[in-house]
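Chemist: Chains as they are written, first to last, in my numbering: chain F, 1 to 126; chain L, 127 to 317.
Note that these hints are calculated values from the structure, not bench results. Heads up, some of the hints might be wrong.
[Claimed, not checked] Below, computed lysine-lysine pairings styled on DSSO-like, alpha-carbon distance capped at 30 Å:
id : chain 1 : residue 1 : chain 2 : residue 2
1  : L       : K254      : F       : K79
2  : L       : K175      : F       : K16
3  : L       : K254      : L       : K297
4  : L       : K243      : F       : K40
[Claimed, not checked] Far from chain L, by Cβ distances over 10 Å, these chain F residues were calculated:
id : residue
5  : K11
6  : I31
7  : P55
8  : H85
[Stated by the list, open to error] Chain F regions said to be covered by chain L (calculated; three or more residues, Cβ under 8 Å):
id : region
9  : 2 to 10
10 : 56 to 70
11 : 89 to 101
Please read all numbers here as calculations on a predicted model, not as lab measurements. We treat Cβ as the ideally placed atom computed from N, Cα and C, and that holds for glycine.
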Amino acid sequence: MEPIVIEGTPKTPTVKFDASAGVFEIKGRSIPENSVEFYKPLVDWLDSYKDTPLPKTVVNIRLEYFNTSSSKCILDVFKKLEAIHKAKNEVEVNWYYEEDDEDMLEAGEDYESIIRVPFKMIEIVE
Amino acid sequence: MGFDIENYVKDQAKNNVILFYKGNVDSDVINHVLDTVEDKMAEANEQSKLRKKVYNVLVESLQNLYHHVDRVPEDYEDQSSEKFGLLVVQKVDTGYKIITGNFVHAENIEKLEEKIKRINRSSQEEIKELYKFILNHQRISAKGGGGLGLVDIARKTGNKLDYSFKEYNDKYSFFYLNILVDEGVEAKQEI
């Protein structure tokens, strides 16, 4: 599978999905007006990866800001990962948040409570 | 008929207005507002926690306007703005005030008000559960909104949504949302 590599902009995150390494990363700001347009290709890509995943997939989410419209799309990303996990493959989500950013930690905990995939909350200490 | 939509804001926000905007709320305007306010908060050396909350709430307020505003009344002076909105950002003692304004069709008032009242009578814990419920069960609407904006604003600020509807004519009202973003729930409890 061709990897996805998208450079970040002030409103959209940097994305690196590498199927051959099983490492996926979303990083930066995700505040576009039309988040579906941005996330749909990612969700479709994961849908293909889901058919032949590596035994272990690691997902790093390191967001500074995200809007509520992105929050639904990020949930769609996690739902694909949940399907991979349900098919007896290892999936690990690393949710990064800055040390004083309780809102971002809570956002990660929201997903952790909805999605049946192991989450690790990682505090970024500057 | 009609009234000056700015009067209310002038009463609410007299001093320390760091940004005032009235007109079409498109993607470029949103970018510009976010950059401006982010720069001003950095200049003012605001704590990163407050900066992040203000930024988040500003994104949601602007995108609420972007996704949900009704068309302006036929006799309103600005007919060129497809998504007409009003925005004021004001520095106050405890943080920042974000005031938004937009026209609402009379028939849409009840639904909007019911939504706000539901949020305002909920505890912080209930708001968190409501957020998670909507996140998990509601699809993104045709307008592009997720139905989470106001819930998110209430959750992040920890404050009630202060709002009012001023009747413009029998078909339209002007809706004001007056949001206080301050040091947060935890800080309030410590005092």
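Chemist: For each hint, tell me whether it holds in the structure or not.
Modeler: Evaluation of the provided hints:
| no. | hint | result |
| --- | --- | --- |
| 1 | L/K254 - F/K79 | holds (20 Å) |
| 2 | L/K175 - F/K16 | holds (28 Å) |
| 3 | L/K254 - L/K297 | violated (35 Å) |
| 4 | L/K243 - F/K40 | violated (34 Å) |
| 5 | K11 | violated (7 Å) |
| 6 | I31 | violated (5 Å) |
| 7 | P55 | holds (29 Å) |
| 8 | H85 | holds (17 Å) |
| 9 | 2 to 10 | violated (count 1) |
| 10 | 56 to 70 | holds (count 4) |
| 11 | 89 to 101 | holds (count 3) |
When each numbered hint is compared with the structure, violations occur for hints 3, 4, 5, 6, 9.
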